[in-house]
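Please arrange chain P on chain D, whose structure you already have, making use of the hints.
What follows is the residue order along each chain.
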Amino acid sequence: MATDPHLVVDNVTKTFGDLRANDAVSLHVERGSIHAILGENGAGKTTLMNILYGLYHPDEGHIRVDGVEVRIESPKDALRQGIGMVHQHFMLVGPLTVTENVILGMKPNGPGLNLKQHAERLTELSDSFGFEIDPHETVWKLPMGMQQRVEILKLLYHHADILIFDEPTSVLTPGETGPFFDVLRRLTEADKTILFITHKLEEVMAIADRVTVMRDGRVTAEVETSETNPQELARLMIGRDIVFDIEHRDREAGPSLLEIKGVRARSDRGLAALDDISLSVRSGEILGIAGVDGNGQAELAEVIAGLRPLEAGHITVEGRDIGEASVAERKHRLGIGYVPEDRQRVGLVLDHPVAMNLMLRSYESLPFARHHIFNFGAIKSNAERLVEQYDVRLQSIEQEVRYLSGGNQQKVILAREIEEGPRVLIVSQPTKGLDVGAIEFVQNTLLDQREKGVAILYISTELEHLLAVSDRIAVIFRGRITGVLETADATAEKLGMLMAGVSG
Amino acid sequence: MIEIFLDPALLTDFLRTSLRLSVPIVFAAVGGVLSERSGVYNIGLEGMMLAGAFGAAVGAFFFDTPFAGVVTGAMCGMLAALILAVLGVSLGVNQIVTGIAINLFVLGLTSFLSRVVFGAQANTLNLQGFKPLAIPGLISIPVIGPVFFGQDLLVYLMYAVVPLLYFMMFATPWGLNIRAVGENPRAADTAGVSVNAVRYACVLGSGLFAGLGGCFLVLSQVFLFSENMSAGKGFIALAAVILGRWNPVGALLACLLFGFFDALQLRLQFLNPEVPHEIFVAMPYVVSILALVGLVGRPSPPAAAGIPYRREAK
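As you go down the protein sequences, you meet chains D and P in turn. Here the first sequence is numbered in numbering that gives the first Met the number 0, starting from 0 and rising by one per residue. Here the second sequence is numbered in numbering that gives the first Met the number 0, starting from 0 and rising by one per residue.
These are calculated hints, taken from the structure and not from any lab test. A couple of the hints might just be wrong.
Cross-link-like lysine to aspartate or glutamate pairs, in silico, EDC-like; alpha carbons within 20 Å at most [unchecked claim]:
(1) D:260 <-> D:323
(2) D:330 <-> D:317
(3) D:106 <-> P:188
(4) D:451 <-> D:418
(5) D:75 <-> P:188
(6) D:115 <-> D:131
Here the structure is a predicted model, which is why all the values come from computation and not from measurement.
Next up, chain D with everything else stripped away, as it sits in the complex (with noise of 0.2 Å):
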C-alpha cells in the first residue's frame, strides 16, 4: 500500500446546469509533495477544491485518500480525512484571539473553554514549525501573512495532513511570499501534503514539485515541475501561445507631460506617505513605479487624481499647475485618466449595471444626459461599443458588475477612463489578482496608450509586469523616491536593492 499517493481524484465530473465546471478531471498527488493545480480563473479549479473540500458533492467519479475510496459530505468531514483547506479570503474572525480561532467549532472537552490548555499545545506546534505566532494576539492585529500561518496552525492543530491553498500568495505582499514558501517546504518536510493552486506561473516553477494544469474544466497536463518551462505551461493553461515579451516597439517620447515636483503628503492615518517627490512622465512615456506594497504608491496616485490633499510642492499637467483643481476638473478639463487600485469599491459601484459604470466618468454631460435627465439609448450604445471594443465578457450590459471576473471588471475600468482620451494616465496595481490573459490584455491596452502618446504613470508591485511594459522605472520607499532606471538598465536585483532603501 505505500505505493498509493496520498491523495487521487480520479475522473470527477461536476455539472452547473449545462455549464461543466469539472470534466473528468484526474489528479495524483503524492505524500509529502507540492503539487499545484495551474488554471485561469473560470478554468474549474474553485471546483475541485469545493469538491475535495465537502462543499460540493462530484456527480461522478471517486476522491481515495492513501487508496482508500472517501465520500466528504462537509468542510468538517473534509478535516476528518485529514484534508484542510486555507481559503483566499482567511476564515479568521478577527476580534478573536489566534486560539480563539483555532478551537472555533471543536468539540468542547467540558464546559468551559480550557484557553490556557490550548494556548499552550499550541505555542508548541507554531515553534516546531518556525511560526512565532504569539496564540493570545488579536488576529485582525497579526499582518496578512501571519494571519496566513494562522490558518494553517488551525488545519495543523486539527490534525490534516493535506492542505490545501487557494490562491495563497495574492494577500501577500512580495516581502511575505519568501517566507511562505518556506513555511510550505518546512510542512512538506513534516510529511504533509500540499495542494497548491494558482494562475501564476511563477509561483508554480518555483515552489511545486507536479503540477496539474486545467482550462475549461479540464485536465491538460499532469507535469513535473522540472520537466517543463513557464511557456508550455502557459500554453496548456490558455491554449495558444502567450506572448511574454511584449513587442516593446521604439518609440521616440514626446515632451514632459506630467510634473511631479516636491510633493509631500499624508497618509489616512496622518503619518507622512510621500516625502518630497519629484518625478516627470513624458507624452508616449510609461514610467513604471515600483516598489513594495504601502510605501506610498497608492498616496502617489490618489495625490494626482486629486482625491488627497497636497501638503507641499506642485503637480503641472502640460505645464499647468493642477494643485487646486477639483476631482472632476482634473478628469475633464485637464485630461487625467485614473484606474485606482481598489477596483471594487473605488473603481466600480458593484451594485450598478455595466453600462452605468462605463459611462460614471462623464454621466452629467451630453450624450449620457441632457438637463439632468439619462438619455439611456446613448448609455447604452456607448455600453455596447466599448463592451465590444474591449472584449467585455458578459451576459448583458444591464448585469450588476459584481459579478464580472476580476480581468473584465479591469477591463469596463479601463474603458471607461480611456475613452475620454486622457492625456495623461495614472494606473494602479492594474494586474492584482488578474490572470495571464487578461494581464496580457491590461498590458497591451496600456501600450497603445502609449503609441498615441499618452503619458501612463502605471504603479504595481509586479516587478515582471512593470519590467514587460515601462520605458523608465523609478522606485519608491517610505515615500522617497530611491531611484529612476532606464527599463534597459533595470535588473531584479538594482531593483531590489532600491526596493529595500539601498539608494544606487
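Chain P alone, transformed into the frame defined by chain D:
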C-alpha cells in the same frame, strides 16, 4: 437637593429607586447584547418587553401567582422574538425594518388584547406581584444593604443573569460560537458552527430577557398592564447595548447610569414644582445621548450585525 446624598435614609431610598428603574432596562439590554453579538440587530426590544409585560399580566391574572406571570411573560417575549428570528434570520428580511414592525405590531396587539382579556378592570387590576425579600445578614449593611439586598426575586435574578451571561459569552464554547457568528459567519460556518441555529438561539434568548424586563414592570412595579407601558425603555436598552460596548457588564453599568439620572430627575421634579417637569423628564435621555457621543469614542458593533447569512452569497 444635596441632602439626598448626605442623609443616609434619603440616600438609601434614592439608590433603591435608581436600581429599580434600571432593572427592566438591564434585562432588555443584556437581551440586546446577546442578539447583536450573534449578528442580529434587535430594534424590537421595546416590543418584546411590552409583549413580556402583557404576558406577565395575563399569567398573574389567571393563575393568581407572579411565578406563572414570569413564565408566560418570558414566553410572550420569546414569541415576539420568533418574528425577528423567522423574518430576519431565516428569510433575510431587513432586521431594522423587522424590529420596527415588531414594536408597532406588539403595541397594537397588546392594547387590543388587554381590552379583550381585562376589559373595564384593566386600570384597576391589582395583580399578585413579587414582594421584597430581604436577604438575612446582607440587608443590615448600612445604605448598601437595603439598596441591593432588600429587593424582590426578579432583581436577584438579574444579579445572576448578568455575570452568567458574561461568563457564557467569554469563557464557554457557546460564547465563542456566538462571537464568531456575529463577526464572521462564513468563518464560523466553515469551522462547523451552524450560523442560523446560533442566531435563532440568541434572538429567542434576547426575547426571553426583554420579556423578563416586561415582567418586572408588571410584577414588581405597577401590578397591572397598561397600554404602551414599556414607554421607550426598550430603546434606552438599545442605547445601553452600544454604551456598554456589546458586553453584558458594560450594558449593566450603562443601565445603572440611566437609572441613576431617572431617579434624580424624579427627585428634581418633586423639589422644583415651578419648573416645567418636561425639562427633568428629558434629563436621563439627554445624559444617554451625551454619554453615547462623548464617553464611548467610536463603538464598533459586531462586524456581521444586520447582515443575514447566506452560504452561497458572494
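*asked:* Please list, smallest to largest, the hint numbers that this structure does not respect.
replied: none
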